[in-house]
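J.: Letter by letter, the chains look like this.
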Amino acid sequence: MAEIKPKPKASEQPKKVTIDIGDGVAIPSKEDVGLFTAWRVAFFGAIGIIVFLALFKPDPYLKIMRFVPDGILVTFQVTVESILLALVLGLFTGLGRVSKNRFINGIASLYVEVIRGIPLLVQLFYIYFALGRIVKLPPITSAVFAMAICYGAYMGEIFRAGITSIPPGQTEAARSLGMTSSQSMYHVILPQAFKTILPPVGNEFVALLKDSSLVSILAVSDLLRRGREFASETFTYFETYTTVALVYLIITLFLSKLISIMEERIND
Amino acid sequence: MIKEDRRKMVEMQGVYKFFGTLKALNNVSLDIYDGEKVVIVGPSGSGKSTLLRSINKLEEIDAGSIIVDGFEINDPATNINKVREEVGMVFQQFNVFPHKSVLENLTLAQIVVRKRSKAEALEIARKLLKKVGILDKADNKPHKLSGGQQQRVAIARALAMQPKLMLFDEPTSALDPEMIGEVLDVMVTLAKEGMTMIVVTHEMGFAREVADRVIFMDEGRILETGTPEHFFSNPQHERTKQFMSQIL
Ligand SMILES: Nc1ncnc2c1ncn2[C@@H]1O[C@H](COP(=O)(O)OP(=O)(O)OP(=O)(O)O)[C@@H](O)[C@H]1O
Ligand SMILES: [Mg+2]
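Going down the list, the sequences are from chains A and V.
Following the numbering used here, the numbering of the first sequence begins with 8 at its first residue and continues without gaps.
Following the numbering used here, the numbering of the second sequence begins with 9 at its first residue and continues without gaps.
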C-alpha cells in the first residue's frame, strides 16, 4: 500500500495571478494589437479634433478651452487625493478581510458589502450632507472623503485578492523564522502583493477620475462643472460638452497608456 | 547510543491532530535529544509533514503536549515567535522570498527578529553563503538561481538565525536529480557539526550516513523506530518491509 506520489517540480511555479476589474478603461498592451490601434485612433483622433476646432472655430471652442483648465486641475486634485485616501482605506480593509479576527473581519466585510450596494451618486450625496451636519468642510474636502470611502471598498477587494494570491508557503517561511504575523505581512507578503495589485489600482485610478465628474453636483468646480458654468452662460451646450468629453477622453487614454507602460516596467 | 541524561530538545507526548475526521497524528510520542539526527520516513499521507509542522506550531495540535527547547508550545503563555527563532525550517518548495536578493533573504529575519545590526547580519549572511557554496550569487534575485541553489539559500536563511534545531520537510523531493547531491552535502556537513536535525526524506543514503535514528510513520502513528541499519536489514512490520522495498 505504500506509495510515493510524484512531487511537483520546482519549475511548476504557481500561475501568475491577474486581477481584472473592468470599470476603468481598457489598458492597452503590446500583444493586443487591435486595441493598440484603437487606442491610437481614439487618442490622436481626439487631439486632432480639439486642435482642429480650436484653429478653425475659435469661437466658441477656444473660449471654452480657455475656461475649463481650472476645472481640469480640480478634477486631478479630487482624483489624486481620493485615490490616496482610498488606498489607505483599501489597505486596512484588505487586511481586515484576510484577518482571522472575526470582529475585524466582520467590520471590513460589512463596509465592503454596504458600499458596494449603494450607487456612487447616492453615497456622494449622503456622505456630503452627513458630513455637513457634523463639521463644516469645504465642498472639495467632503467630496474627496465621499469618493475615498466609496473607492476604499473596491480597493479593499483588490488588496484582499493581492494578499491571497501570494502562496501560503511565503507566510509559513516568514513565521518559521520567528516573524510575527504583522512583520511577515509587512516584509514578505505586501511587497509581493504590490505587483499584482498595481494594475487594478491603476485601473481604479482611471475609473475614479471619470467618476469624479459626479462631484460637479456638489458645488465642486471640476472639469464638468466648469463646462456647465460656461454653457449656461453662453448657451453653447453642444460645443461645450463636445469639448469636455474630448478632454476627459484624452486624459483617460493618456493615463491608461501611462499605466500600461508602468506595468511593463514592473514586470521586468 | 543515546544517553538518557542528554538534554531533550523536543518532547512530544500523546499528540493528536485531526483534519476533520482524519487522524493525521494518532497518539504520537517522541523525544529528540540535543545533537540528535532523526530521519522520518513513511508513505504519502502518513503524517510526516504534520508531525514536523506541529513542532514549530505551523500546525496546531488537538491533544497532547509538545515541549520544544523547554517551552510547552501550546501553552498560550508561550511566545511562539521566541521558540521559532530557535527552530529553523526548510520546506520542500524552498519558499525563498522572491522579492528579496539572496543576501536580503538571509538578513531579513536577523534584523527584524533577532534585532541584529545590518552590518552584523550581512557578515553572518556572507559567511553562511560561502559555507553553502553560493556566495557568488549573493546579489541575485532567487529566480536567477537553480532549484538546488534556492534550497541552499533557504537552508542558509534558516541557519542565519543560529537555531538550536533544524526541521527539513523533504528538502530534495522538488529538485531535479542532478541537484539533490549539492543540497544533501550541505545537510551532511551541518549534521557533522552537531546540529540537532529532524529530516523527512526518502534519501536512504543520507539516513545511513548521518541518522542516529530512523522513524517509520504510517497512518499518523510511529510504527517502527531503529537505526538506519535496522531498517535496511530487518524491519519488523509488514508495512515497513513493503515501504522499504519500494524506496530502495
Ligand atoms: N491542511 C490540511 N487540511 C486537510 N487535510 C490535511 C491538511 N494537511 C494534511 N492533511 C491530511 O493529513 C494527512 C497527513 O498529511 P501529511 O502532509 O502530514 O502527510 P505526509 O506524510 O507529509 O505526506 P507526503 O509524503 O505526501 O508529504 C494526509 O491524509 C493529508 O491529506
Ligand atoms: Mg509531507
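It should be emphasised that the hints constitute simulated quantities derived from the structure, not laboratory data.
By construction, the Cβ of each residue, glycine as well, lies at the ideal position given by its N, Cα and C atoms.
Errors might be hidden in some of the hints.
Stated by the list, open to error - So the derived label-pair ranges between C-beta atoms look like this: (1) LEU91/A - PHE26/V: 21 to 31 Å; (2) ASP184/V - PRO174/A: 13 to 23 Å; (3) PRO174/A - HIS245/V: 47 to 57 Å; (4) PRO174/A - PHE240/V: 52 to 62 Å; (5) LYS152/V - ASN108/A: 32 to 42 Å; (6) PHE26/V - SER189/A: 45 to 55 Å; (7) GLU227/V - GLU120/A: 36 to 46 Å; (8) ILE111/A - LYS123/V: 36 to 46 Å.
J.: Decide, hint by hint, whether the structure agrees.
T.: Each hint tested on the structure:
no.	hint	result
1	LEU91/A - PHE26/V: 21 to 31 Å	violated, 47 Å
2	ASP184/V - PRO174/A: 13 to 23 Å	holds, 21 Å
3	PRO174/A - HIS245/V: 47 to 57 Å	violated, 37 Å
4	PRO174/A - PHE240/V: 52 to 62 Å	violated, 37 Å
5	LYS152/V - ASN108/A: 32 to 42 Å	holds, 39 Å
6	PHE26/V - SER189/A: 45 to 55 Å	violated, 29 Å
7	GLU227/V - GLU120/A: 36 to 46 Å	holds, 44 Å
8	ILE111/A - LYS123/V: 36 to 46 Å	violated, 28 Å
Consistency with the previously given hints fails for numbers 1, 3, 4, 6, 8, ordered from lowest to highest.
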